[in-house]
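To get our numbering, take the position in the sequence shown, counting from 1, and add 39.
Read the hints as simulated data drawn from the structure, not as lab findings.
Note that the coordinates shown come from a computational prediction; the quantities given were computed from them, not determined experimentally.
Among the clues, some could well be false.
Distance condition first, Cα-Cα at most 20 Å in a straight line; then the derived EDC-like pairs of lysine to aspartate or glutamate [what the hints assert, rightly or not]:
1. Lys163 with Asp90
2. Lys117 with Asp60
3. Lys88 with Asp60
4. Lys66 with Glu105
5. Lys117 with Asp90
6. Lys151 with Asp60
7. Lys147 with Glu105
Now the in silico label distances, taken between C-beta atoms and shown as ranges [stated by the list, open to error]:
8. Lys66 with Pro149: 30 to 38 Å
9. Gly167 with Ala73: 38 to 46 Å
10. Lys117 with Asn166: 30 to 38 Å
11. Arg154 with Pro127: 26 to 34 Å
12. Ser165 with Ala73: 22 to 30 Å
C-beta atoms are modelled at their ideal positions from N, C-alpha and C, and glycine is treated no differently.
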Amino acid sequence: MKGILCAGLLAMMAVAPAYADDVKVTKAWTRATAPGQDSASVQLTITSKNDATLVGAASGSAQSGELHSMVVEDGVMKMRAIESLPLPANTPVTLGADGNHLMLIGLKTPLKAGRKLPFAIKVKFSNGRTSFVRALAQIKPLETTGMAEPMNTQPAAQPPAQPQAEAQQHEHHHQ
Numbered sequence: 040m041k042g043i044l045c046a047g048l049l050a051m052m053a054v055a056p057a058y059a060d061d062v063k064v065t066k067a068w069t070r071a072t073a074p075g076q077d078s079a080s081v082q083l084t085i086t087s088k089n090d091a092t093l094v095g096a097a098s099g100s101a102q103s104g105e106l107h108s109m110v111v112e113d114g115v116m117k118m119r120a121i122e123s124l125p126l127p128a129n130t131p132v133t134l135g136a137d138g139n140h141l142m143l144i145g146l147k148t149p150l151k152a153g154r155k156l157p158f159a160i161k162v163k164f165s166n167g168r169t170s171f172v173r174a175l176a177q178i179k180p181l182e183t184t185g186m187a188e189p190m191n192t193q194p195a196a197q198p199p200a201q202p203q204a205e206a207q208q209h210e211h212h213h214q
């Protein structure tokens, strides 16, 4: 079913959307993917001239697109698919800053830094009409600094100083 929905959304993207000027996508970006990674989060800002609802997303570079939200359950951060996200008139809505984001699943090829990722969002307006808005996400380099470090807001304790005598007892034996 998702394949049919995605195919339908991609087919509709090929037709110039009648109301695309009512919705603007800005600051869209994602990260390059690591080897074997098959999904990517896209962060962006959406501004609609009228009250609307974000109801879908797709990219020809992925098998499917979903809207996700981050929630804390029992002290653990978890990602959840959501059906829609309100877009109040003339109010920029940023996906990424508060945990909401667009998730592309089943990437067909790795995302390479410096390139652009085409995608589309599906927006439904209060009068019932829908619009497909095409955009490009800048692919930023994959950041590895600090990824293996646990998140900790407490300052790190200083390691105990090694006594000078103990440091001098360590010898290297070479043959």
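Hints and how they fare:
1. Among the hinted pairs, Lys163 with Asp90 is consistent with the structure: their alpha-carbon atoms are about 9 Å apart, no more than 20 Å.
2. Proposed proximity of Lys117 and Asp60 is contradicted: the alpha carbons are some 35 Å apart, above 20 Å.
3. Of the pairs offered as hints, the one joining Lys88 and Asp60 holds, with about 9 Å between alpha carbons and a cut-off of 20 Å not exceeded.
4. At roughly 19 Å between alpha-carbon atoms, Lys66 and Glu105 fall within 20 Å of each other, so this suggested pair holds.
5. The hinted pair formed by Lys117 and Asp90 fails the criterion: a straight-line CA distance of about 29 Å is larger than 20 Å.
6. This hinted pair does not check out: Lys151 and Asp60 have alpha carbons roughly 29 Å apart, beyond 20 Å.
7. For a cut-off of 20 Å, the pair hint linking Lys147 to Glu105 stands: about 16 Å separates their Cα positions.
8. The given range of 30 to 38 Å is broken by Lys66 and Pro149, whose C-beta atoms sit roughly 23 Å from each other.
9. Distance hint check: the CB atoms of Gly167 and Ala73 are about 42 Å apart, consistent with the given range 38 to 46 Å.
10. At roughly 35 Å, the beta carbons of Lys117 and Asn166 sit within the given window of 30 to 38 Å.
11. A hinted range of 26 to 34 Å holds for the C-beta pair Arg154 and Pro127, which are about 33 Å apart.
12. Distance hint check: the CB atoms of Ser165 and Ala73 are about 41 Å apart, inconsistent with the given range 22 to 30 Å.
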